[in-house]
Structures are given as C-alpha cells and as structure tokens.
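Number of protein chains: 2
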Amino acid sequence: MRIILDGMGGDNAPEEIVKGAVQAAAEIDHEIIIVGKPEAIKKELERNKYSGNRILIEPAEEVITMEDSPVKAIRRKKDSSLVVGLSMLRDGRGDMFVSAGNTGALVVGARLILGRIRGIDRPALASIYPNINGGEPGLLVDAGASSESKAKNLLEYALMGSIFVDKVWGRENPEVGLVNLGTEEGKGTSVTKDAFQMLKESHLNFVGNVEGRDVPKGACDVIVCDGFTGNVILKLTEGVAMSVFKRVKQALKSGIKSMIGGALVKSNLMALKDEFDYEEYGGAPVLGVTMPVIKMHGSSTAKAVASAIKRGIPYAEENVVDIIKEEMLKVEEYIEIEEE
Amino acid sequence: MRIILDGMGGDNAPEEIVKGAVQAAAEIDHEIIIVGKPEAIKKELERNKYSGNRILIEPAEEVITMEDSPVKAIRRKKDSSLVVGLSMLRDGRGDMFVSAGNTGALVVGARLILGRIRGIDRPALASIYPNINGGEPGLLVDAGASSESKAKNLLEYALMGSIFVDKVWGRENPEVGLVNLGTEEGKGTSVTKDAFQMLKESHLNFVGNVEGRDVPKGACDVIVCDGFTGNVILKLTEGVAMSVFKRVKQALKSGIKSMIGGALVKSNLMALKDEFDYEEYGGAPVLGVTMPVIKMHGSSTAKAVASAIKRGIPYAEENVVDIIKEEMLKVEEYIEIEEE
Numbered sequence: 001m002r003i004i005l006d007g008m009g010g011d012n013a014p015e016e017i018v019k020g021a022v023q024a025a026a027e028i029d030h031e032i033i034i035v036g037k038p039e040a041i042k043k044e045l046e047r048n049k050y051s052g053n054r055i056l057i058e059p060a061e062e063v064i065t066m067e068d069s070p071v072k073a074i075r076r077k078k079d080s081s082l083v084v085g086l087s088m089l090r091d092g093r094g095d096m097f098v099s100a101g102n103t104g105a106l107v108v109g110a111r112l113i114l115g116r117i118r119g120i121d122r123p124a125l126a127s128i129y130p131n132i133n134g135g136e137p138g139l140l141v142d143a144g145a146s147s148e149s150k151a152k153n154l155l156e157y158a159l160m161g162s163i164f165v166d167k168v169w170g171r172e173n174p175e176v177g178l179v180n181l182g183t184e185e186g187k188g189t190s191v192t193k194d195a196f197q198m199l200k201e202s203h204l205n206f207v208g209n210v211e212g213r214d215v216p217k218g219a220c221d222v223i224v225c226d227g228f229t230g231n232v233i234l235k236l237t238e239g240v241a242m243s244v245f246k247r248v249k250q251a252l253k254s255g256i257k258s259m260i261g262g263a264l265v266k267s268n269l270m271a272l273k274d275e276f277d278y279e280e281y282g283g284a285p286v287l288g289v290t291m292p293v294i295k296m297h298g299s300s301t302a303k304a305v306a307s308a309i310k311r312g313i314p315y316a317e318e319n320v321v322d323i324i325k326e327e328m329l330k331v332e333e334y335i336e337i338e339e340e
Numbered sequence: 001m002r003i004i005l006d007g008m009g010g011d012n013a014p015e016e017i018v019k020g021a022v023q024a025a026a027e028i029d030h031e032i033i034i035v036g037k038p039e040a041i042k043k044e045l046e047r048n049k050y051s052g053n054r055i056l057i058e059p060a061e062e063v064i065t066m067e068d069s070p071v072k073a074i075r076r077k078k079d080s081s082l083v084v085g086l087s088m089l090r091d092g093r094g095d096m097f098v099s100a101g102n103t104g105a106l107v108v109g110a111r112l113i114l115g116r117i118r119g120i121d122r123p124a125l126a127s128i129y130p131n132i133n134g135g136e137p138g139l140l141v142d143a144g145a146s147s148e149s150k151a152k153n154l155l156e157y158a159l160m161g162s163i164f165v166d167k168v169w170g171r172e173n174p175e176v177g178l179v180n181l182g183t184e185e186g187k188g189t190s191v192t193k194d195a196f197q198m199l200k201e202s203h204l205n206f207v208g209n210v211e212g213r214d215v216p217k218g219a220c221d222v223i224v225c226d227g228f229t230g231n232v233i234l235k236l237t238e239g240v241a242m243s244v245f246k247r248v249k250q251a252l253k254s255g256i257k258s259m260i261g262g263a264l265v266k267s268n269l270m271a272l273k274d275e276f277d278y279e280e281y282g283g284a285p286v287l288g289v290t291m292p293v294i295k296m297h298g299s300s301t302a303k304a305v306a307s308a309i310k311r312g313i314p315y316a317e318e319n320v321v322d323i324i325k326e327e328m329l330k331v332e333e334y335i336e337i338e339e340e
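Each protein sequence line maps, in turn, to chains A and B. All residue numbers for the first sequence refer to my numbering, where the first residue is 1 and numbers rise by one. All residue numbers for the second sequence refer to my numbering, where the first residue is 1 and numbers rise by one.
Since the hints were derived computationally from the structure, they do not count as laboratory data. Just so you know, not all the hints are guaranteed correct.
No copy labels: a pair is met if it fits in one copy or bridges any two.
To be verified - Simulated pairs of lysine to aspartate or glutamate, EDC-like, Cα-Cα distance not exceeding 16 Å:
| # | residue 1 | residue 2 |
| --- | --- | --- |
| 1 | K187 | E67 |
| 2 | K217 | E238 |
| 3 | K150 | E184 |
| 4 | K187 | E46 |
| 5 | K167 | E184 |
| 6 | K200 | E67 |
Keep in mind that this is a model prediction, so the values were computed, not measured.
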C-alpha cells in the first residue's frame, strides 16, 4: 500500500510533516509519497537522517495556503501539493491521501477530483470529538463540510460515520446519536425531526437524540449534526475547555498556600490536558468521496502526522469506501422514498 | 410597582420561591404577589417568619409541571399559577411576571396571553451566558423559544437583546455578535449570511461573526443565534465546563502528593466554580411580548429567586417593552424591504 502525504499543507509544513513521515515509516511497512517542493522535502529528510527507501518524493511547486479560497485554489493551483496528491490518488498511484492543509480546499478538491460516492448527496468532514469523562472519543459528522443539511444528509453522515468507526476504530455496531435540543422524539427543527424518523427506521444502532450537555460525556460513538452545528460544537468545546483550564491555573496560583498546592498538582493537570489533545487519535476522514482522504489538524506536529498516517491505514485497508458504496446501494431506494 | 411571582413553578416550588420572595422583599420597596396554592404559600411565609405587608397571595389551584406539553397546558390549566399570573399581568394587576416554571409553557403563555410586540415575528427567550475568562456575562438570544429562525428573526433578537442589556444591565451601546462558523463576512448558512448584512446595515453596535471558540471568552455582550444553536451552546457549555471540573477534581485526588495539594487549592476551585453559577445574575427575559416576563432556572434556589426579582426590576421600570415597540416601528419598513 502507498500513502500519499501532502508535504506542504498546514502551519508546520514541511518540517513537521516530513518528520512525522519519517517517524511513521519506522513503524509501518507501507510506502509514503510526500508531495511538494523536492528541495525542501529532501532537506527535511536529511535533517531527520532518513536513509530508507520507503519514503518517496513527488514534485509539486505550488502551495495552497490557509487563506486561499477553496474553489479558486483547486481550479487555479494545479501544481499544488494538494491537487497533485489528490490526482495521484484518483489515478491509482496511491491508496490514501493525508493532508494538514486548507480544510475547505481539501473537501472541495476531494469532491471535484475524486468525485462523490453514488447516492451520497454531500460528502462530509468528520472530526474526532474528545470524551471529557475519560472514555473513548466519538466521531462527529459533519464537522463543517456543508453549512446546511437536509434530513437525508444527516442519515448519510450517520451511515458513513458508523462504518468508519466500526472498520477503522474497531468498534462494532457503534452507537449513533443525533444532536438535538431535547432527548424526546419530536423535538427540534423540521430537519432533525425527519432525520430522527429515518435513523429510527434504519439498521443503524440509533440511540436517539443527544443534547449539548451529554455530547462531551461520550453520549455516543457517532455524533450526527449539520456542519454549522458541528463547527459550533467543536470550537465551543475547545473554547470552554481551554478557558476553564486557564481559570483553574489562575486559581491554583492565587495565594501562597495554593501556590504550594498548585505545584503539587500541576503534573496531574498536565496529564489531563494531554487527554484533550485529540491529535493523539490521528486524523479525521473526509467521508463520501470515492477514495480515502484523511484531514489532519492544521497545526499538526510530527507526532500527530505519524499518528494520522498509522491510524488512517485501515480507512484504505478495510475497504471502507467500498463498504459505504454497497450500503448506499442498499439504502438508496429507502432514502428516495423518505425524501418525498 | 408590583411584581407577580409564580409560586408553584420550578423544581423547588413553593419552598425556595417563597423564601426568595421574603429575601427580596427585605431589600426592595415593591409589592410581590405570589400566585399559587394559598395554604402552601402561607405555610412557607410563616416558616420564613414573614410578618410584613408587601407580600400578597393570589390563589391558583393548578400547577403546570415540567412534563406538561406547553400548548396543552396553557389551554387546559386555566387555574394554574402560570396562566393566572400572566393574565394578571395582562390585566394591569402587576408590572412584571417572574417564573421558574416550564420554559416552553412560559414562552407560549406569554405569546398567547400577552401577545407579541407589533413587528416582532417571534418572541425570544434570552439566557445569561457566563464569561469564562472572568468578565461580565453576555446575553444569548434566542436560547430556544424557536428552533428555526429567519434572518429577520435574528435581527429582532439582536435589537431586543441590545435594548435589554443597555437598559437593564446598564451597558451602553452593547456589542452584538452573530454566532457563525467563521469570522469572515460571507461565511455560514443563507440565514446567517443575510442576517450579517441586516445587522451590518442596522444602527446596532454589530461586531461581526463570532465563532464557537470565542463565545465563552466574552466575545460580545449580545450573542445572537437561532434557538437550536442557542440551546446547543448553553447545554454544551454546561456539559464541557462541568466535565472538566470533574476531571480536575479527580486529577487533584490521584496520588498522595496531589491529595495534599488538592486540599490546599480546593477552596480556590470552589470560588471559581461559583462564578459559573449564572443564577447570581438573575433571571433571563422573554423578549418580544407586550409586558415584562422573566424566566428563572427551573432549579432556582431562594438566592436565585431573590436575585431574579431584584435584578429584573429595571425590565419594567426602564420601560424596555416600550422602547422595543418604538424601535420596531423605526425598523419595520427597513426589515420588510430586506425580507423580500
């Protein structure tokens, strides 16, 4: 198997990307093709004293930045690492594409260059959602690929997310929850009400509506919502958690007695903060396109890059895309009936 | 001025409600009419050794519970404390209604019994949103009165919220932010895009889009969003903050060294947790109906009840409803132009 890695995407490219590739290459048997400016990548490989033959370089001279408009960037920067990488994937020159680059451009590029799976109306961006109570994280779909969703889209997100969590994370029959403003059936917008019915009638392990207060407690394995809500949930969780940590730190510092106490508990707090570092869990998939694409956080470090590569492998090896294709054929008729 | 208090609404009624009324009565010069079962209320007044003449009782034998369906409850329980209290307000027998009862029933009841302000399409429920960085809290509108909103509704929420924060909280020219998935203009759903334009062209102090990660940091005074998003924001904030606190507590307990440290810092942490107790700030207004209505949290204690009564007074005394009415006449034409 060959992993195509965007060497120029993200805040720490190419340094941390290449370093992460070297770390991953030491632990896996697959080839990694780093796409980007050859000189820069070579320099980083040398700096990391890489002398193996499983990391290859594919030249691409342009870079899509975080500021680029997604659609324009995909159309105009044909020699960017992102466009070249996705095109290689489409042409069978690799089995999976991993990037820390511009999220919008990656989603748009995956849709335009790889195409959607038949029956999938809207590809989704998933995101790993930490379980603050300490258990396994969940997969939130959609994290913002589309800002508006129809009920049918929410069912698609649930279906794709379930298959991914089952096959890639190894959690059989994962629990699917629908983000809503109350747990009772019949709550919510017209879209969530309709989605509730579709999910209830589906073969998925649907546990019902989940409220905002239960999402961070690991209420379900697959957290289904529209991309607007998903974006708010992810950013708000980060904002609240980091603000609370900051305040706790301040509280620990105030008063001499507390300073002594604070020093003693500091190491425990740091260990806790690491748990929220969901980079550990690897990247998050773009779901609904015809080949495996993994999105890493824009500020990914080498450790996060290595983790995303290693943990992403089952997305390709377990034929997740093919399984989604088959499932979509099964539910296609059902969805069409439900829709009108 | 006369404050009408729902004596039977909320988890701790009538005990904490009456106790809160007694506490408030000691500090204010207004009359408080407690609506509910006379025997139960009398008993609580005696228990609290109340011997003044500024707390009156208005009989209402029925109780709307948290489980009641809002519309049905308002239509059928005519002798409930909530319906009787709102009817008294409508009939001029009081100047403000304060309740810890069923939120849905309060919003529906206010709309049906008091009526909407001319030009207001959808009354909103506001909620006090804590500033986790330690500053003043914000007012989030809509907290869930409607699950779906048009752009026009978001403008109404912004307008009403601004007037409330200015007149009741005494913050002149409050900053208004629109919850969205990016800070840049042009981001979001068709509704938030349109609302952005309307807000930008309005006379309000619109600071632009605010992302989920900035909301808990006190990004603006008036946080505008649809009721679905508002509900998710409020519950998620509670869920994340409480989960983080729980984990911090666990971290402090693990290891003997940390136990010593934990004991030392415990008091500081408790002080911090109190800050998130936004009950302190009083109740939250139902906005867009023709008279002042204040919603308290369902689990309000006496302290929260007293605080809601005292802090709610300017909602009536500062003629907030009249100011909203005047502003709506001014913007009416403008909104209609924008709408189609």
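* To do: Have a look at K187 and E67 and pick one of within, between, both or neither, based on CA distance no larger than 16 Å.
  => between (39 Å within a copy, 14 Å between copies)
* Can you give me the call for K150 and E184, within, between, both or neither, at a CA distance of at most 16 Å? => Neither. Shortest intra-copy (20 Å) and inter-copy (25 Å) distances fail the 16 Å Cα cut-off.
* Asked: How would you classify K187 and E46 at a CA-CA limit of 16 Å: within, between, both, or neither?
  -> Close neither inside one copy (58 Å) nor across copies (42 Å); limit 16 Å.
* Homo-oligomer pair classification [E184, K167; C-alpha up to 16 Å] -> Answer is neither; intra-copy 30 Å and inter-copy 37 Å both fail.
* Are the CA atoms of K200 and E67 at most 16 Å apart within a copy, between copies, both, or neither? -> neither (41 Å within a copy, 23 Å between copies)
* Alpha-carbon proximity context of K217 and E238, limit 16 Å -> Classified as both: same-chain Cα gap 14 Å, cross-chain 11 Å, threshold 16 Å.
The structure fails hints 3, 4, 5 and 6 (numbered hints given earlier, in ascending order).
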